[in-house]
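Residue numbers (the working numbering), protein chains in the order written: chain A, 1 to 110; chain B, 1 to 118.
One or more hints might be untrue.
Claimed, not checked - Derived DSS-like pairs: lysine-lysine, alpha-carbon spacing no greater than 30 Å straight-line: (1) A/Lys-69 to A/Lys-3; (2) B/Lys-15 to A/Lys-69; (3) B/Lys-57 to B/Lys-11; (4) B/Lys-17 to B/Lys-57; (5) B/Lys-57 to A/Lys-3; (6) A/Lys-3 to A/Lys-54.
Source of the hints: derived by calculation from the structure; they are not laboratory data. Everything numeric in this text was worked out from a predicted model, so none of it was measured.
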Amino acid sequence: LAKTTQPISMDSYEGQEVNITCSHNNIATNDYITWYQQFPSQGPRFIIQGYKTKVTNEVASLFIPADRKSSTLSLPRVSLSDTAVYYCLGTSRGSYIPTFGRGTSLIVHP
Amino acid sequence: GAGVSQSPSNKVTEKGKDVELRCDPISGHTALYWYRQSLGQGLEFLIYFQGNSAPDKSGLPSDRFSAERTGGSVSTLTIQRTQQEDSAVYLCASSLRRAAGTNTDTQYFGPGTRLTVL
């Protein structure tokens with residue numbers, strides 16, 4: 001299975017921009033890179049997905065370099081409600097099984 | 001519309017007993033996943049169903065674990081002779097289909113079943 005690597009935890013303050021980087025060296029050629037958010041006692045929920053370059057939606061931006069071996073989730077002007085665990089997700093070549101990893105626990109302080 | 005539902009939300013059982021966990025996916029979703037999440041850990045893939053194809057059971061940790069999906073809809077995860085290390089949150093997710101040209105679907109998760117084995 002593909003191995004994704006993210007920081008275990010991050011701290012930020014309200015109003016700041018947060019960037020979380022994930023490495024996924026063995027991502028399948030035709031796979032998209034997907035990020036999920038999980039609040040305590042809830043299942044993960046989809047945030048954003050992209051293939052390369054930059055994708056932006058109402059929640060976040062996703063930056064993917066040309067080699068696609070990493071991606072960066074950018075959360076603009078975080079609030080306390082953005083405190084959650086963020087997972088990047090990929091699949092390895094020859095597999096369709098997604099690998100979530102341990103995720104990044106983001107804590108936003110007042 | 002209705003999302004993915006799971007039941008029960010909490011299950012406490014004694015070591016050695018069998019348990020059944022249920023997942024109702026979003027109507028029309030052909031793919032269904034089961035994951036396990038231990039306290040403070042990430043999601044561990046267990047099993048994957050896609051349409052009428054044979055399920056991918058490569059993530060099941062032992063032969064005490066099994067799952068079925070009847071009629072391409074509801075799925076049941078069964079754990080026989082439960083052990084304390086089986087205590088975790090069991091999450092189910094469904095997706096509409098494998099996106100054309102990629103292997104990455106957008107998965108919709110249920111709230112999970114918290115299993116505690118005493």
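Hints and how they fare:
1. A/Lys-69 to A/Lys-3: holds, 11 Å
2. B/Lys-15 to A/Lys-69: violated, 43 Å
3. B/Lys-57 to B/Lys-11: Holds, at about 23 Å.
4. B/Lys-17 to B/Lys-57: With Cα atoms ~22 Å apart, B/Lys-17 and B/Lys-57 stay inside 30 Å; holds.
5. B/Lys-57 to A/Lys-3: With a Cα-Cα distance of about 19 Å, the restraint between B/Lys-57 and A/Lys-3 holds, given a limit of 30 Å.
6. A/Lys-3 to A/Lys-54: holds, 22 Å
In terms of the numbered hints stated before, the structure departs from hint 2 and from no other.
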